[in-house]
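S.K.: Sequence:
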Amino acid sequence: MYKITAIIAIITLGIWPVHASGQELVANAVPVHGIDQHESLLINALENIKVNNIRDALTDIEHLVKVEPNFKLAQLIYADLLLARSRPITDFGNFSALPYGYISSLKEEARARWQHHLAPPNNGMIPDFLVQLSEEQKYVITVDMSASRLYLFQNRKGVPHLLNDFYISIGKNGFGKFEEGDQKTPVGVYFVSGYLEPEELPDFYGAGAFPLDYPNIWDRRFNRTGYGIWLHGTPFNTYSRPPRDSNGCVTMSNQDLETLESYITVGQTPVLLTKEINWITMDTWQARQADYMKFVEQWRRDWESMDVELYLAHYDSGYSGLGKDYNSWVEYKRRVTPSKSFIKINLTDTSMFLYPGEPGLLVVTFEQDYRSDNFQRKFTKRQYWRKSEDGKWKIVYEGSV
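Note that our numbering has the sequence shown beginning at 374, numbered continuously upward.
Just so you know, the hints here were simulated from the structure itself, not pulled from any lab data. Any given hint might turn out to be false.
No farther apart than 27 Å at their CA atoms in a straight line, the calculated lysine-lysine pairs in the BS3-like style are these [to be verified]: (1) K445 - K545; (2) K765 - K697; (3) K717 - K667; (4) K767 - K754; (5) K751 - K697; (6) K697 - K713; (7) K530 - K511; (8) K717 - K754; (9) K760 - K648; (10) K667 - K767; (11) K706 - K648; (12) K754 - K713; (13) K760 - K706; (14) K480 - K445.
For each label pair, taking beta carbons as the anchor points, the in silico distance ranges come out as [what the hints assert, rightly or not]: (15) T657 - L471: 43 to 51 Å; (16) N620 - R458: 48 to 56 Å; (17) E631 - S761: 55 to 63 Å; (18) E631 - S477: 25 to 33 Å.
All values reported here derive from a predicted model rather than from experimental measurement. Glycine included, C-beta positions come from ideal geometry on N, C-alpha and C.
Produce the complete structure using the sequences and hints provided.
M.R.: If you want it as structure tokens, here you go:
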């Protein structure tokens, strides 16, 4: 006879928030997007434990540890279920030979996976910071670090559609990286800057690594240090790692990394790292996109108008970029603009992202085609727009990518 109860298993895992009953959460849950087979088996086992169906739970877990013996969380639950044959289970991870910290970290992994199962994002909802995707950005990655979840979105005619999601781990000390060695994962808008094959890396990085462009311009503006922030796999003797276990990188199972790999384009794929995601409806998303596009378009028109004061009104007094600070930029534009007989500006392939962790900051990237009577240039430009105290959006940085 199995001496384990659903109540003990649920309470010790901490999988019910105190403000809602288990019945309410299950009733409101929406099926997860693209849940992988291994996580599906784990969730099925936890569901069976919840209703005291221990035999089926054991069947699921037994199969899981057979196909993925390096799944440490599954092995721990399997050990608990086997132990329940001979004595009552009083806590998660009753195998006392294991260190308390190890058990706690696996408990956190179980909680993260279970909470996502109970409350995945509703169909059609979009993270508020995905304002606009460029035509070249076929996919975008967002990481909800509080939820230990990575979301993959597909660009379908400009609209982000949730395609898949994966469990991930972040830095040992959480998020909000500021200095080298703080073991935190940065918060911000980043882009995949390269790919390293598994053959080029120690076993620790698993099936490969995608370096991110940390520190970016905004990080350097605030003297944030460190380097080597990657999205990478796990050692080949480890299926997954606890939610906070890296030195600052985002890590995921090798199986999930290999799935994600085909959707990543070096130099193009954005990776937005955030404390948590604020999901909004399609109607809200469309309205916000139109609002943000207005002031970018007005900047373009004012530049073409050759009214230098109107154009400069779009720049914040704290501006820096293209090798100049605000004062030298103003002096330069006042000097060169009157020498032109016309200016034509065309912007294409525009993307816009609100910067996670920085209220009132927008990152805009586009292909700029500049033409005048005596100069022409086409290049990719990135701007950082900040909302000022009077409610107006102004440029605090711009430069070539």
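S.K.: Hints broken by the structure, by number, lowest first?
M.R.: 11, 16 and 17
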